[in-house]
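Q: One-letter residues, chain by chain:
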Amino acid sequence: MKCRKAGKLLSDRLDGALVGGSRRALEGHLRECPSCASAGSELRRVRELLGEAKAPDPGPDYWAGFWPRIEARLDRGPEPAPSFAARLRAALGFDRFDAVISPAPALAIIALLCFNILLLAQVRMGDRRAAADGRALSGPRADGRRGGAVWAARRGVDNVLCDHGGREGIDEYVLQPASFRLPAGVRGKTDYILTRASGPSSGGWARGAY
Amino acid sequence: MAASDGELVRRAKAGDRDAFRGLVERYRGRVYGIARGMTGNHGDADDVAQETFIKAYRKLGDFEGQSAIYTWLYRIAVNSALDLLRRKSRRGELGLDRSIEEAERRLAAARKGPPDGAAEAGAAELRRAVAGGLAELPARHRAVLVLHDIEGMPHEEISRILGCPPGTVRSRLHYARARMQRKLKDFIG
Chain F
1 MKCRKAGKLL SDRLDGALVG GSRRALEGHL RECPSCASAG SELRRVRELL GEAKAPDPGP
61 DYWAGFWPRI EARLDRGPEP APSFAARLRA ALGFDRFDAV ISPAPALAII ALLCFNILLL
121 AQVRMGDRRA AADGRALSGP RADGRRGGAV WAARRGVDNV LCDHGGREGI DEYVLQPASF
181 RLPAGVRGKT DYILTRASGP SSGGWARGAY
Chain C
1 MAASDGELVR RAKAGDRDAF RGLVERYRGR VYGIARGMTG NHGDADDVAQ ETFIKAYRKL
61 GDFEGQSAIY TWLYRIAVNS ALDLLRRKSR RGELGLDRSI EEAERRLAAA RKGPPDGAAE
121 AGAAELRRAV AGGLAELPAR HRAVLVLHDI EGMPHEEISR ILGCPPGTVR SRLHYARARM
181 QRKLKDFIG
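In the order they appear, the protein sequences are chains F and C.
In terms of the numbering used here, the first sequence opens at residue 1 and continues consecutively.
In terms of the numbering used here, the second sequence opens at residue 1 and continues consecutively.
Within a straight-line C-alpha distance of at most 20 angstroms, the following computed EDC-like cross-link-like pairs (lysine to aspartate or glutamate) qualify:
(1) Lys54(F) - Glu136(C)
(2) Lys88(C) - Glu51(C)
(3) Lys54(F) - Glu120(C)
The following label-pair restraints were derived from C-beta to C-beta distances:
(4) Ala106(F) - Asp83(C): 23 to 31 angstroms
(5) Gly152(C) - Leu88(F): 37 to 45 angstroms
(6) Lys2(F) - Ala121(C): 39 to 47 angstroms
Which residues of chain C face chain F? A partial, calculated answer using Cβ under 8 angstroms:
(7) Arg21
(8) Leu145
(9) His174
Hints were generated in silico from the structure; no laboratory data involved.
By construction, the Cβ of each residue, glycine as well, lies at the ideal position given by its N, Cα and C atoms.
In isolation and in its complexed conformation, chain F is listed as follows (with noise of 0.2 angstroms):
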């Protein structure tokens, strides 16, 4: 039996666990190898030490209360359950603060969603209002039919016609919503234009093709 097993076996041995062969292996074993017999009376200590810790008796005073306190308790009937907010609480781990001030995180995330939610919003909002007046939207300045396509699709606009027929790197182009002049004539789902700033139409649109 080499000592690796027999490490293994040590503490079977202690308790008595061990029978037949395996018993008589290790046995010889440890009448042959000093270091696992050394192993071996190590943990019979551990075992001894751990037996000398048992805790003393807490001592009379304390058990005379002790019938009495859960005879209280049995009086007063079962305590509720807790609610699902106390155990939602508890779960996220909220229950180590005080009742007054536990619901603080929650409502700090919950107002801080709420802002993000509202500031998205706004900046769309403030985008299609910019656009709405016909003057070029915040950002990058539409700077050709491919600059403001691209401002568009940056900021999640789409269904986007434009303009084909301007100049590239010479006509502005501005981003407006498609209630505002929609070409006649012009099918399928649009939600924003790309027009040149200034000028008549080219009479050329297309989707897609920035």
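Start from chain F and add chain C according to the hints.
A: Below, chain C alone, put in the same frame as chain F:
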């Protein structure tokens, strides 16, 4: 002649509060010992011991006698202690309870008899070392070590209490003792 466990259980299930008290007084010491070993301090042990008997009273109707009543009680005690340890872990309260020393002093003052300074100090130091080692063990390994090496229960009884095979009990015991061996090296002669 004292009533048997079976008689006390039968009467307690029928609503005899005195019969239930008889069970409490018969097993409170062992339940407290298990709770004390698992939690490492008197305050938590008291909470767990009280909680164990309250739960046992309320669930007595579910006890069908497939195990001994004390196996059932000790199982409730271990689970109650594990619940407390989990709650404390979530709150970041785990680790060696610094109130152990204060609680020990209060208990020692409450007990009768002359103090033996040196022996008490040595025993207290050992208990602190053991409590520290136990606190670092995974809960299931701690339970096995407490039930076997501190409370002196056999493997088969522990396997019934914990609901795991005797082989698992022995395996956890082996692991837990190896960890404690390192923790108690200063005490090993």
